[in-house]
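Those letters in the sequence shown? Residues 1 to 196, per full-length UniProt numbering, in order.
Errors might be hidden in some of the hints.
Stated by the list, open to error - Below, computed lysine to aspartate or glutamate pairings styled on EDC-like, alpha-carbon distance capped at 20 Å:
1) K166 x E23
2) K166 x E13
3) K160 x E31
4) K113 x E37
5) K73 x E186
6) K139 x D151
7) K160 x E115
8) K166 x E67
9) K166 x D5
10) K156 x D168
11) K156 x E31
12) K166 x E154
13) K166 x D151
14) K73 x D189
15) K139 x E115
16) K156 x D101
17) K139 x D101
18) K73 x E194
19) K160 x E37
20) K156 x E169
These are calculated hints, taken from the structure and not from any lab test.
The model shown is predicted, which means the values in this text are computed figures rather than measured ones.
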Amino acid sequence: MSIIDSVATSYLESLNRHLALFETMEAYHQESMQLLEVCHSALQAGGKVVWLGNGGSAADAQHLAAEFVVRYKLERGPLASMALTTDTSILTAHSNDYHFDTVFERQVQALCKPEDLVIGLTTSGTSANINLALAAANKIGAFTVALTGRDGGEVKNIAKLPIIIKNDETARIQEAHMFIGHWLCEAIDMVVAEQQ
1 MSIIDSVATS YLESLNRHLA LFETMEAYHQ ESMQLLEVCH SALQAGGKVV WLGNGGSAAD
61 AQHLAAEFVV RYKLERGPLA SMALTTDTSI LTAHSNDYHF DTVFERQVQA LCKPEDLVIG
121 LTTSGTSANI NLALAAANKI GAFTVALTGR DGGEVKNIAK LPIIIKNDET ARIQEAHMFI
181 GHWLCEAIDM VVAEQQ
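Based on the provided sequences and hints, a complete structural model is requested.
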């Protein structure tokens, strides 16, 4: 088989794995509705939605925070949201002076309040910096959510609402997270626009 044939086959195999995962997404409907409810409650209480993740999940966290502050589809006012992955001075100073495991925990301690919603994205559920940050948010009294995968890892016992994508492939888990994240943006737009 030539490299062109192998690449073409790879495309179709990836597509099939994506479709197989998305056939299971209805199973996360109720959890996603609960996510919408706690998100709306946080915003109504004057809180903010705080996102965090590593690597590709860090990019997804920033993406979703931007959708909240700017808009998704409907015209509405800005929504309070931030990603803890964007301040390079904090990220590098803390990692240099202390430890990368506590880089988000420190920011949660500094920036979060009980009215907030803190959402950690971790495909494995075993990222120490996500788990410590969510535990810190719990101590503050914020509501915590984990978008995770595989068997949920340690984070399923930390987040108040763990949404566990039962899949072992990182890319597929991230695709499911972004589906839920984009749906949340669409749903919160509808709810907020209706009230304005």
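Against the structure, the hints:
| no. | hint | verdict |
| --- | --- | --- |
| 1 | K166 x E23 | holds, 12 Å |
| 2 | K166 x E13 | holds, 19 Å |
| 3 | K160 x E31 | holds, 11 Å |
| 4 | K113 x E37 | holds, 18 Å |
| 5 | K73 x E186 | holds, 7 Å |
| 6 | K139 x D151 | violated, 25 Å |
| 7 | K160 x E115 | holds, 14 Å |
| 8 | K166 x E67 | violated, 26 Å |
| 9 | K166 x D5 | violated, 31 Å |
| 10 | K156 x D168 | holds, 16 Å |
| 11 | K156 x E31 | holds, 13 Å |
| 12 | K166 x E154 | holds, 15 Å |
| 13 | K166 x D151 | holds, 7 Å |
| 14 | K73 x D189 | holds, 7 Å |
| 15 | K139 x E115 | holds, 12 Å |
| 16 | K156 x D101 | holds, 18 Å |
| 17 | K139 x D101 | holds, 17 Å |
| 18 | K73 x E194 | holds, 13 Å |
| 19 | K160 x E37 | holds, 13 Å |
| 20 | K156 x E169 | holds, 18 Å |
The structure shown violates the earlier hints numbered 6, 8 and 9.
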